[in-house]
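**Q** Those protein sequence lines, which keep their order, are chains W and P.
Residues in the first sequence are numbered from 1 upward in steps of one, following the working numbering.
Residues in the second sequence are numbered from 217 upward in steps of one, following the working numbering.
Simulated from the structure, these hints should not be mistaken for lab results.
For clarity, every value in this text was computed on a predicted model and none was experimentally measured.
In this text, a Cβ means the ideal position worked out from N, Cα and C, and glycines have one as well.
Any given hint could be a false lead.
[Stated by the list, open to error] No more than 25 Å apart at the CA atoms, straight line, and that leaves these computed lysine-lysine pairs for DSS-like:
no., chain 1, residue 1, chain 2, residue 2
1, P, Lys-279, W, Lys-200
2, W, Lys-175, W, Lys-113
3, P, Lys-238, P, Lys-376
4, P, Lys-316, W, Lys-97
5, P, Lys-281, W, Lys-72
6, W, Lys-46, P, Lys-238
7, P, Lys-320, W, Lys-208
8, W, Lys-97, W, Lys-46
9, P, Lys-316, W, Lys-56
10, P, Lys-283, W, Lys-60
11, P, Lys-281, W, Lys-60
12, W, Lys-208, P, Lys-316
13, W, Lys-56, W, Lys-188
14, W, Lys-104, P, Lys-238
15, W, Lys-208, P, Lys-238
[Said to hold, decoys possible] Stretch by stretch, here's where chain W covers chain P in the computed footprint (C-beta under 8 Å, at least three residues):
no., region
16, 240 to 246
17, 350 to 364
18, 381 to 394
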Amino acid sequence: MKPCLKLSSLSLLLVVLLGACGNPYKKLLQQPTTSSALRFQPEYDKVLYRGIVDGKMIWKRFHLSGILMFKKMEDSSIRVVLQNEMGVSFFDFEWDKQQQFTVKQIIPQLDKKAVVALLQKDLQLLLMIGLQSQTESTFSKDEETYQRFSLDKGYVYYISTNNQLTRIENAGKQKVTTISLGGKNGLKELPERVVFKHHKANFTIQLKRIDDHVEE
Amino acid sequence: MNKIIVTAVFSLFPLVAWAQPKGYTSVKNTTTFETELSNANAGIRTINSDFSQTKNMALLAEKVKSKGKFYFMKEDKIRIEYTQPFSYILVMNKGQVLVKDEQKTSKVNTKNSKALQSVNRIMIDCMRGTILSNPDFKASVFESGNSYLIALIPSQAAMKNMFSGIDIYLTKKQFDVTRLVMKENGGDLTDMNFSNAQHNQPLNETLFKVK
């Protein structure tokens with residue numbers, strides 16, 4: 001009898017552990033989509049952020065800081081440029097009118113396929129570029145509304161409370177990236193603070209707005 | 217990551233055009249100029265000044281402005297401290313470079329990087345007046361009524377990849393560096409202007425601490 005008890009206890013423990021490590025979106029309750037998450041799509045002419053990047057590649061930690069600029073051009077293309085404090089550009093990305101992505105310039109040290117793909121994805125999720133509206137589904141959990149779009153791999157969730165977008169999550173079977181948004185004053189305004197946290201890649205990007213020092 | 221810091225450090229140096237600039241004529245006798253420059257700098261032990269920086273992004277038609285304090289102590293100590301719109305400090309001292317932002321301090325040994333050695337040398341050369349003898353650049357000297365312009369073209373591959381040139385503007389009266397302009401290959405420009413320069417004021421050694 002005792003071995004059976006032990007076995008059932010272990011099974012129970014396993015079920016509990018699996019539940020704890022399982023899909024974090026499992027308990028979402030599906031709701032009808034009454035208002036698309038695209039209502040949060042940022043509208044801006046230009047926005048400047050102080051950016052700090054921390055990460056770890058294999059065993060080596062790295063730290064990088066600079067200034068990140070978002071600009072919507074007259075031809076409706078979008079440019080995102082990261083430069084260091086002393087003015088040298090690290091990268092210059094473009095999404096054209098058709099939302100096609102191009103690397104306009106990048107320093108050789110960052111010109112790695114995985115790095116570019118990660119940055120492209122992060123920025124696209126924040127700017128809500130390339131979302132397939134027909135794949136949108138809405139869910140709720142506690143006080144939060146989750147609006148989900150399918151990506152090539154996995155999903156992106158735009159999570160709001162009281163019609164205020166608070167974070168963006170990219171997940172497959174597990175959570176891949178969380179983008180926390182702070183100080184978002186208007187529905188379509190880019191937030192004051194953004195933190196990209198890559199759960200698997202051990203990589204964090206922190207942004208804080210410093211718009212006052214941009215001139216045309 | 218050192219390479220990225222090197223890239224960051226490079227932005228210190230104003231890079232710019234090499235063609236004869238408007239309002240300036242070529243200085244024929246650069247040996248005399250170099251001697252005068254070296255003599256003028258011989259009596260300078262320390263420099264501290266304010267600076268303002270404008271990054272002109274050509275294709276985006278945007279300018280990003282920042283400002284801060286600059287310190288130099290003979291023979292080879294430099295501190296560039298950005299105060300607005302962010303906090304960022306870069307210290308060079310005896311072949312060591314320290315970079316400090318709002319969250320972290322990083323130290324780099326220039327002995328491990330030829331590019332950083334080059335950066336370190338050009339900064340020191342600017343302050344000591346020995347810039348024309350730097351083998352990493354081809355230098356041309358121009359003059360106007362009250363200023364000199366040293367136009368540098370990088371000859372080293374690492375620098376060539378990033379910049380098309382560096383311009384250093386000096387006053388004729390005291391050979392003070394008043395402006396540095398860096399021109400990137402893509403057409404962007406970083407323009408640093410130095411003001412309220414003070415010579416030989418006592419500076420605390422801790423400003424240049426890299427440990």
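**Q** The structure should be examined with respect to each hint, and the outcome stated for every one.
**A** Now for the hints, and whether the structure bears them out:
1. Lys-279(P) - Lys-200(W): violated, 36 Å
2. Lys-175(W) - Lys-113(W): Given pair Lys-175(W), Lys-113(W) holds - Cα atoms ~22 Å apart, limit 25 Å.
3. Lys-238(P) - Lys-376(P): The given pair, whose Cα atoms are some 24 Å apart, holds under the 25 Å limit.
4. Lys-316(P) - Lys-97(W): violated, 39 Å
5. Lys-281(P) - Lys-72(W): holds, 20 Å
6. Lys-46(W) - Lys-238(P): violated, 33 Å
7. Lys-320(P) - Lys-208(W): Given that 25 Å is the threshold and the Cα spacing comes to 16 Å, the pair holds.
8. Lys-97(W) - Lys-46(W): Holds, at roughly 16 Å.
9. Lys-316(P) - Lys-56(W): holds, 19 Å
10. Lys-283(P) - Lys-60(W): Status violated; Cα separation ~32 Å.
11. Lys-281(P) - Lys-60(W): violated, 33 Å
12. Lys-208(W) - Lys-316(P): It holds: about 17 Å lies between the C-alpha atoms, which stays within 25 Å.
13. Lys-56(W) - Lys-188(W): Between Lys-56(W) and Lys-188(W) the Cα gap is close to 33 Å, so the pair fails against 25 Å, i.e. violated.
14. Lys-104(W) - Lys-238(P): Violated - the C-alpha atoms of Lys-238(P) and Lys-104(W) are around 31 Å apart, more than 25 Å.
15. Lys-208(W) - Lys-238(P): This hinted pair is violated, its Cα atoms lying about 40 Å apart.
16. 240 to 246: violated (count 0)
17. 350 to 364: violated (count 0)
18. 381 to 394: As far as the region 381 to 394 of chain P goes, the hint is violated, because 0 residues have Cβ atoms under 8 Å from chain W.
In terms of the numbered hints stated before, the structure departs from hints 1, 4, 6, 10, 11, 13, 14, 15, 16, 17 and 18, listed from lowest to highest.
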